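Heads up: the protein sequence lines correspond to chains A and B, in order.
The first sequence maps to residues 1 to 436 in my numbering.
The second sequence maps to residues 1 to 239 in my numbering.
Incorrect hints may appear among the rest.
Quick list of in silico lysine to any residue cross-link-like pairs, SDA-like style, CA-CA up to 20 Å [to be verified]:
hint, chain 1, residue 1, chain 2, residue 2
1, A, K377, B, S221
2, A, K380, B, K209
3, B, K72, A, K413
4, A, K380, B, S221
5, A, K413, B, K209
6, A, K380, B, S92
7, A, K413, B, G93
8, B, K209, B, S221
9, B, K26, B, K228
Rough simulated footprint, nothing fancy, chain B against chain A, three-plus residues with beta-carbon under 8 Å [stated by the list, open to error]:
hint, segment
10, 298-308
11, 377-385
12, 421-427
Hints in this document: simulated from the structure, not taken from any laboratory.
The structure presented is a predicted model; accordingly, all values stated were derived computationally and were not measured.
Ideal Cβ placement from N, Cα and C applies to all residues, glycine included.
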Amino acid sequence: MESLIKQISKTKHEPKWMLELRLEALKIFQKMPLPRFGPDLAEIDFKAIKYFKEPKTATKRSWSRVPQKTKETFAKLGIPQAERRVLAGVGAQWDSGIIYQSLKEKLKKQGVIFCSMDEAIQEYPELIRPYFMKAIAMDNNKFSALHAAVWSGGVFVYLPEGVKIKQPLEGFFWLNLKQGGQFEHTLILAEKASQLEYIEGCSAPVYSQNSLHVGCVEVFVKEKARVKFSTIQNWSKNVINLGMKRAIVEKAGVMQWVSAALGSRITMSYPTSILKGDGAKTTHLSLSLADQGQELDTGGQIIHLGEDTSGTIISKSICQNNGRTAYRGLVKIIKGAKKAKASVNCDSLILGKKSRAATFPAMEIGESDVVALHEAKTGKISEEELFYLMSRGLSEAEATSLIINGFCEAVVKNLPLEYAVEINRLIDFYAEHSEN
Amino acid sequence: MSLKIQNLQVKAQNKLIIKGVSLEIKPGEIVALMGPNGSGKSSLANALAGNPIYKIIGGKASMDGKNLLNLKPHERVKAGLFLAWQNPIAVSGVSVESLLRMAVLNCRQRRCRTVCAFREELEREAVKLKINKSWLNRGINVGFSGGEKKKLELLQLLLLKPKYAVLDEIDSGLDIDSLKLLAKIRQPEQGILLITHYTRVFKYLKPSKVLVMKQGRIAASGGRELIKKIEKDGYGKFN
């Protein structure tokens, strides 16, 4: 593996410090055990995984081999034919460059850097180095170490002081990233009083031939800056997705995570906010939809270090057709984080007899001058609610769909509009096919 | 033309709770159904609306000649039957507006309505009931007081314009002003089954028939003179 890492670094013309970081991470990876919680990962054969492919050699598959179900979902979502082919991994050309060119130039004038990580590491190494794998420690777990050792691809965003971008940035479309990558690293630096909304992924099923995905997102929210990071994850059902996301929020900064997990076979994802500065705030909104054969273990962590910090987690998960979901969360308030406010609300909706939902909330509170709330609900659609809506002239499927949409509403309404619309359609799809 | 129930028998949780009830409501007519707690009034209302908890084991129910019992709950609503719930159920995340838009789309003949036109109509009806516009964007029955929930039931009644309405204790929780309003907004052609404990509602909605239900049976029926008797003696004397 060492020679592979050297080869990655060389291919990318990386500075020496990056190679050293990779090699150090490799050592940590080799020493660390698999996580002792959540879905069973023992099946991962680390030797069999292809860690790096040069973009040019990425193999294509033919449209006829794309599963029928994926094609149906594309149609249901109203994805244009051309985009469907790219999403399905057929690998057609997808020229988004022209569409976004004028926007890119506007950003450039404001001093914003928005480019691929590979480009950034060569163009702005001095900007990257103090932050790379600093929010997420390499030795956080076996997979953070693996990521640091073999990462490639991803997006770099730099916002100068006071710059506020109104239109959300979408890496997937703007930068024409081929299928998002396998170990991509996304780094966002939001300087003082800047503002950004970033959208990662896309709601259509994204085909990937790689079975293991370990992306990392690091966000640095400086004083009074605001960052909203939305992820819509819809990998094909062969993927084990173990991404990590972490933000460090300085004084009076605001970080908002919005995540929708629809795809993958196994997902473990717990976005984290470290509220370092006084008055820092964060909101974590997450939605997981687990269908047959899927195990989505999601949640969030908020660490209160500063005084008067506030954090909210709202997690909604739905499982059907024997899918499994789990909420796994941690709220930690250290001694001295006076007047911290923490609120956790995690609800699960179980559709069908064999689906399962679990909740593992944890709160570690070392300070007495705080307000901490926790609420959790797990259950099926209530017959009473269903009948109430039916007594208003709604069919069972319509009533079910309305209830599921209502269940997700707190999260979905915070997604970018076009994604919210697509997710609503997916939910209707669920309601039609649920065997409640 | 009528809403007609003949010898209806209903079981819930394997217990016979409606033991052969017959009644008829003609268009424009108000029939009062009174009785003590637990006498089976709400069960009858729910059975008519098709609540799956209540199993019909005998008898008939029809609306303008159409058999109700083989229709699904939503088909009964489309056919023109409406139930105002005694305890309306809260459904979080489903706004009053979104529920009503779907309900109206499903139940009315005239379908080509724009979202704006619908919202205008909704607001117009809401004003009649002195319902604050901000309620329309809130979850249906979520965090509303008892009386406010009843007003929302009335709003739905106004928008759906059913041929026959079963009003299950619509008066409990409603203030006098709203009761007066209820009398004013009623469509003259609507047949109403008015389920209630209390006689004060009759000041505003005047029934032509009064039925007293006890232990799953109609224990007495008559005209408005029955109301006085109930006011004087309570339900104890009916058997």
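Cross-check of the supplied hints:
1. The straight-line distance between the Cα atoms of K377 (chain A) and S221 (chain B) is roughly 47 Å, outside the 20 Å bound, and the hint therefore fails.
2. Restraint check: the Cα-Cα separation between K380 (chain A) and K209 (chain B) comes to about 42 Å, which exceeds 20 Å; the hinted pair is violated.
3. Only pairs whose Cα atoms come within 20 Å are accepted, and K72 (chain B) paired with K413 (chain A) is rejected, the gap being roughly 32 Å.
4. Restraint check for K380 (chain A) and S221 (chain B): not satisfied, since their Cα atoms lie roughly 43 Å apart, outside the 20 Å limit.
5. For the given pair, K413 (chain A) sits about 50 Å from K209 (chain B) by alpha-carbon distance, which is inconsistent with the 20 Å threshold.
6. Distance hint between K380 (chain A) and S92 (chain B) is fulfilled; the C-alpha atoms sit about 14 Å from each other, no more than 20 Å.
7. A hinted pair counts as satisfied when its Cα atoms are at most 20 Å apart, and K413 (chain A) with G93 (chain B) qualifies at roughly 10 Å.
8. As the CA atoms of K209 (chain B) and S221 (chain B) are separated by approximately 7 Å, the hinted pair is consistent with the 20 Å bound.
9. With a C-alpha separation of about 24 Å, the suggested pair K26 (chain B) and K228 (chain B) falls outside the 20 Å cut-off, and the hint is violated.
10. Counting residues of the segment 298-308 of chain A whose C-beta sits closer than 8 Å to any C-beta of chain B gives 0, which falls short of three, so the coverage hint is violated.
11. Counting residues of the segment 377-385 of chain A whose C-beta sits closer than 8 Å to any C-beta of chain B gives 4, which meets the bar of three, so the coverage hint holds.
12. Counting residues of the segment 421-427 of chain A whose CB lies closer than 8 Å to any CB of chain B gives 0, which falls below the minimum of 3, so the coverage claim is violated.
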